[in-house]
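Assemble the dimeric complex from its two separately framed chains, guided by the hints.
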Amino acid sequence: MSRRAPPGARTAAAASSGSTSSSALAAINTEDMCPVCKTIRYLNKDMEFLINPECYHSMCSNCVNRLFNDGPNQCPYAGCHRTLRRKGFRSAFFGDLAVEREVDIRRRVAAVFNQVEDDFETLRDYNNYLQMVEDLTFDLVSGTDAQRRAAEATLQQWEAEHKADIERNRKAGKEADEQSRRRLAAEREAARQRRFEALREAEEEKRERARSREEELDSLAQGEAGAAGGAQRVQLKKRGQAAASRAVEAAVKSDVAAADVGRLSIRGLKEKKKAPPPDGPYDPFGGLDFMPSRYKLRPGLTHPGVEKYKVDPAHITGGYNFDEYAARAMFEAFAGLGVFIEDEKEVGIGLSAGEVATMSAGIAAVGDKMELD
Amino acid sequence: MAVSPLVAPTSDAFKPSRPISSPFKRQTSAVPSSNGNGTPRYPPAARSAPGDGAAMTLDPIEQLNEDEKRKYVKGKKLGEGTYANVYLGHVRHDPSTLVAIKKIKVQQQYQDGMAPDAVRELKYLRELQHPNIISLLSVFSSKDQNLNLVLEYLPLGDLEMLIRDVDRVRYGAGDIKAWMGMLTRAVWFCHDNFVLHRDIKPNNLLIAADGEVKLADFGLARSFADPGRRMTANVITRWYRPPELLFGARHYGGAVDIWSVGMVFAELIIRAPFLAGNTEVEQIALICKQIGTPTEDNWPGVTQLREYTVPSEVVPVWGKEAYMGRFGAVGADGVDLLVRTVALDPKKRITAREMLEHRWWRTDPKPTRKEDLPRKSGGEEKMGADLKRRNGILDDETNNRGAKVARKLDFGQAK
Numbered sequence: 000m001s002r003r004a005p006p007g008a009r010t011a012a013a014a015s016s017g018s019t020s021s022s023a024l025a026a027i028n029t030e031d032m033c034p035v036c037k038t039i040r041y042l043n044k045d046m047e048f049l050i051n052p053e054c055y056h057s058m059c060s061n062c063v064n065r066l067f068n069d070g071p072n073q074c075p076y077a078g079c080h081r082t083l084r085r086k087g088f089r090s091a092f093f094g095d096l097a098v099e100r101e102v103d104i105r106r107r108v109a110a111v112f113n114q115v116e117d118d119f120e121t122l123r124d125y126n127n128y129l130q131m132v133e134d135l136t137f138d139l140v141s142g143t144d145a146q147r148r149a150a151e152a153t154l155q156q157w158e159a160e161h162k163a164d165i166e167r168n169r170k171a172g173k174e175a176d177e178q179s180r181r182r183l184a185a186e187r188e189a190a191r192q193r194r195f196e197a198l199r200e201a202e203e204e205k206r207e208r209a210r211s212r213e214e215e216l217d218s219l220a221q222g223e224a225g226a227a228g229g230a231q232r233v234q235l236k237k238r239g240q241a242a243a244s245r246a247v248e249a250a251v252k253s254d255v256a257a258a259d260v261g262r263l264s265i266r267g268l269k270e271k272k273k274a275p276p277p278d279g280p281y282d283p284f285g286g287l288d289f290m291p292s293r294y295k296l297r298p299g300l301t302h303p304g305v306e307k308y309k310v311d312p313a314h315i316t317g318g319y320n321f322d323e324y325a326a327r328a329m330f331e332a333f334a335g336l337g338v339f340i341e342d343e344k345e346v347g348i349g350l351s352a353g354e355v356a357t358m359s360a361g362i363a364a365v366g367d368k369m370e371l372d
Numbered sequence: 000m001a002v003s004p005l006v007a008p009t010s011d012a013f014k015p016s017r018p019i020s021s022p023f024k025r026q027t028s029a030v031p032s033s034n035g036n037g038t039p040r041y042p043p044a045a046r047s048a049p050g051d052g053a054a055m056t057l058d059p060i061e062q063l064n065e066d067e068k069r070k071y072v073k074g075k076k077l078g079e080g081t082y083a084n085v086y087l088g089h090v091r092h093d094p095s096t097l098v099a100i101k102k103i104k105v106q107q108q109y110q111d112g113m114a115p116d117a118v119r120e121l122k123y124l125r126e127l128q129h130p131n132i133i134s135l136l137s138v139f140s141s142k143d144q145n146l147n148l149v150l151e152y153l154p155l156g157d158l159e160m161l162i163r164d165v166d167r168v169r170y171g172a173g174d175i176k177a178w179m180g181m182l183t184r185a186v187w188f189c190h191d192n193f194v195l196h197r198d199i200k201p202n203n204l205l206i207a208a209d210g211e212v213k214l215a216d217f218g219l220a221r222s223f224a225d226p227g228r229r230m231t232a233n234v235i236t237r238w239y240r241p242p243e244l245l246f247g248a249r250h251y252g253g254a255v256d257i258w259s260v261g262m263v264f265a266e267l268i269i270r271a272p273f274l275a276g277n278t279e280v281e282q283i284a285l286i287c288k289q290i291g292t293p294t295e296d297n298w299p300g301v302t303q304l305r306e307y308t309v310p311s312e313v314v315p316v317w318g319k320e321a322y323m324g325r326f327g328a329v330g331a332d333g334v335d336l337l338v339r340t341v342a343l344d345p346k347k348r349i350t351a352r353e354m355l356e357h358r359w360w361r362t363d364p365k366p367t368r369k370e371d372l373p374r375k376s377g378g379e380e381k382m383g384a385d386l387k388r389r390n391g392i393l394d395d396e397t398n399n400r401g402a403k404v405a406r407k408l409d410f411g412q413a414k
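Note that the protein sequences, when read in sequence, are chains A and B. If you count by numbering that gives the first Met the number 0, then the first sequence holds residues 0 to 372, one letter each, in order. If you count by numbering that gives the first Met the number 0, then the second sequence holds residues 0 to 414, one letter each, in order.
So here's chain B without its partners, still in its complex pose (with noise of 0.2 Å):
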């Protein structure tokens, strides 16, 4: 495991003031490197013929980025978003190692630089290497001057689906603990390495072919800012967002994380969004209702975020026993955790670190193993995939083992 020494300073270098000169560059934009600026586009000799013979005419960073577009072959196409495709790719020389690329968008408004939330995902993916962190392979430009991410391929999806998928997946405390405890991990190693995800939920949750989470989509991970620099509230999906975002806060820390850790924990234990709002006021009422009104009491103050509102009916803030009821199946040790992370003032909601040090963790029952742990159950997925038959998935490996084994005589049984 490869535990990263870098952490990408602290410069905000994908501020539209400064130009990003071309993605040409493997490095992150963090570093500037010397030849920085005005990367030649490709002559378009050599974009015809980017083979051996045009290699001569090539500078050597572009180059590099040939030698590394090379690297992978890129296969059909897995998904389509607003602001990126995903292909599935595999390594040239070993087409079982299976890779995601994920190809991203030439935006309108980014005519000139690249988006900013490829240039938040490229420089934070590429500093974290952690198990619990999707793992940035490799990056390069293709032809038009797109940039394409390789990413490590994690086939059995993310764990809103297990949540969702209420008939056909079962899991107890043990696997909750399991889960939880990997994405606590992946935050934890965020926050010490001074990156504020920002989009924790589970559906940024993928899982690995042997069962582990993995966090991924930095695309509004920032690192902390120094004090007086002001960072925007308008992050982290709605319903895993905290008051202090929904109030307005300006200058916050990694707690704004831990608030959506507790919100996918209590997903997880009564399988659907535990404060679903459909706006933002609404979600405001609902964390009133649910959790408690924020005060001047519990949260001094509170009342000075710009954009405060409350319901005018003040909730006293629930304690641990209100909590039983829903969300026992945790144990005690469980909810205690849960409550200690949605408390509603950032500065008495507990750590990333003091969560792993919780006592929740060293009770019974014991995480489950992450080969044993729940996965998408078969159906018609399972069929779509037999038919078409990806190699390098566990699955299919294990189910034709019969057919590749050379026929034994035996005659043993003949008498």
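Next comes chain A alone, as it looks inside the complex (with noise of 0.2 Å):
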């Protein structure tokens, strides 16, 4: 985009532009000093600066109360002409108002503009979404004023036309947030029960040394000098047990974690997807049915030339089957009846309406040379 500046370059833009974010938007704190009654700190320890989202235009508590607790009037800012309400009024959070500014146009948009990836059909929206978004963001933060107003209408015609959606997104996004929330406590509690628990170990190991160091002393004195190497031996072995023993702990924790995690973000997932459609009843022929349309198959439908195989043992025991026969013989008669090559045209591995008639041909020839068999 080449109506994006860096971001340095940006803030002096929003600066100069637009009569709300006029030059007037300063830091609030470099001099201490309420540009409204020119009040300083050193007078009033407590003087709190407010802003109202209207202008952006600072001014102290003292000022608010003054000018506005009998209801709207101007901002005492010279050239600004908004009508300010002692409602309005909030401290800022940061302390570069143009910072402040934008963060609340943010908010703003992304309250109405809360569609989330799983809405759209291909990332590609999704993405193009993204940029629209933010094109009309940049708008509102730091165009010119015509681009602004435009921006604010569409603005303001999206959240009308769409209520409900917004409303529903907005739902599940809590949701999701709430989700995560829980998410990230269980991991934090997680960690800090680890960390508990390595201190308790060391402590414990700590003990243990000074315990069998002592004991170690007790039975050099004694003069045993064989049983040292033993407390010694027991004193690693205790502690490759419970080494291993923590290492199981720590596996099973967390696995419980884990589980107890996935099963937060899979819920999370399962309750954005759509549910399936219920399937109807299990077809075990997949819909298909090769029942001849043009003639009927008796059972029992011969032909002389047939007879003799069907008294022949060696047919009988294999498994030949002679209905088989008659359906593909019924088949292979009837086969290219109502068979249209204009029709045809379009199925098959992409055969031309040449290469179908070919091989309808080829196929009537193989027929021919069949009965001839």
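Treat the hints as calculated values from the structure; they're not laboratory data. Quick caveat, the model's predicted, so the values are computed rather than measured. Careful, some of the hints might be misleading.
[Claimed, not checked] Partial list, computed: chain A residues near chain B (C-beta under 7 Å):
(1) Asn51
(2) Tyr55
(3) Ser90
(4) Tyr281
(5) Gly285
(6) Tyr308
(7) Ala313
(8) Gly318
Using N, Cα and C, we set each Cβ at its ideal position, and we do this for glycine too.
This is how it looks when you write it as structure tokens:
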């Protein structure tokens, strides 16, 4: 985007253009003096600066009380003709009021354009949407007057038109936030537990070491040299055991945590998904039917040439199926009837009409030959 | 879903007596085209420069082949077999549409034509279009008269991998029912179009990206024979071979495939090959022991079959109850279906259509939806796949999605 200036330049541009974000949007505490009543912090230690998101002009709380207690009034800044109310004033979160304003705008835009990725068909659509929102935000934050008015209109129109969607997304977002908050809390708790465990372990080990050292000294004092080595070994073994059990515990704990976390996030995913459409009853045939439409297969269809095989033991024991033969013979007799080359053009593996014609001819030819066979 | 109305006529076109002139023909050999004989080889000039300039010198069939060939781009080799190499490829104008290109090797004993298994595969896949049968997208010949079959790309391995991976893949009755449903539909479709597959086994059941099971490898397929015409008994991988083939029957029907389906069914339940004999004699012995000894009582005429030999100890055919212990996981109805598929006498064996009409499909649990079926587990393969980074596979795309989303500035949390 050519329109987008680098961050530094952008703030400057924001400060210089437009009426609300005029050069008066300076940092508050540079001089600790109320720009309206000129009181300085030296005289009033509890002086608090307030702003009104209408125009982001800061003034001390005394001024706010003085000017706006009796109802709406004009902003005391020279050249600013906004009508402000007592209710709109609040203290700024950021020292830089340009940032404060941008954050407010972004929050407002985000509340309206709160679609999530799952709402979009493709990733590209989602990215385009994000781009659109960012353009609109930029117009609102640091566009020219005309751009800002246009963006404002768009925003309001969208909000009016998609109230239900926005509300639904807001709820969904809240739930997701809640879940991630819970998950974070669970993780933090797990981490705390782990730290605590580790500390306790270390403490115990230290105590153990001191005790065994004492024992060792005792045994040395009693002149039993062999026992000392044994104690050492015992202690080492114990340490190994402790480490192993600790590892197992940690594994179990992390498993539990992981399972918990996994379950939470999976649930989040599932809720977003649409419920799969209820499938109908299972069709073992997969919706196909090969019942011939042009003729009827009766059991016991036969042919004089086949009769001798019907009594042939080799055919009977081997499982040769004469009904299958009859079905095939009937199928072949009727194959090609009701097939029109024009209709067949589009099916198959990219056969052209010519090929289909050749093929049908081929089939016909083979069929003839078979009859001779 | 395109259901092919055409079924290959039953001519044994690939018998050595009839020369197969050239694989340039895109049609199956069952369809003799006007210039079926003596399609000339590439003139040397055309081979060195098969581009547009040379197009003028190609005859229409060669031009057709050249056009077809140019539609696909061959990529890296996925596997090598004795009979063919398989390459990963994609459609030229759309690199995200992956295909598998099976390049049939020229075999020593079939110098003059095409290997019969290649012809079988081509002939039947060309005609059968069904969601549970691997689809043949195109056929072309490459430079040295090698036949290339363009098949759909099925990235998730085969059913055997899932059955064997006992540690990492878990599945239940609903999953078995879904897989069996897809397999039975495929077999039913073949049989209703008069094609015998003759090599049904778990590693010929490939799994598509969406979980759909597809019957593949039609290298042994043939159409139903006419009465009096003998077929070879030496088909179907031994563990899945029915008793009539083991006894050397030369006239058989769709029942041979049903036995294989039953064996796959049993294997899905116990997660090991049900009857795994090392030799044919041992296979017969296993069938006699586990299912029952074929006798004149339960299979009239069986003793007259050419290679009828059974162990002297006669085991009566086991009833349904005997199966309940080992195969009870699929419920009483499932066991009933299994017992019917492994009937010794092929005449008494259930048909594919009857299988699909069985009540098991309608009882609980419902077959799992294909998207929810268990898949090949991650682990090393997954990591390998990540390193190789193929596109077009769903998994990778979802994992990297976060990185592709534009960052959203959110000041809502600031205060």
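**Message:** Taking the earlier hints as the rules, which of them does this structure contradict?
**Reply:** Violated hints: 1, 2 and 3; rest satisfied.
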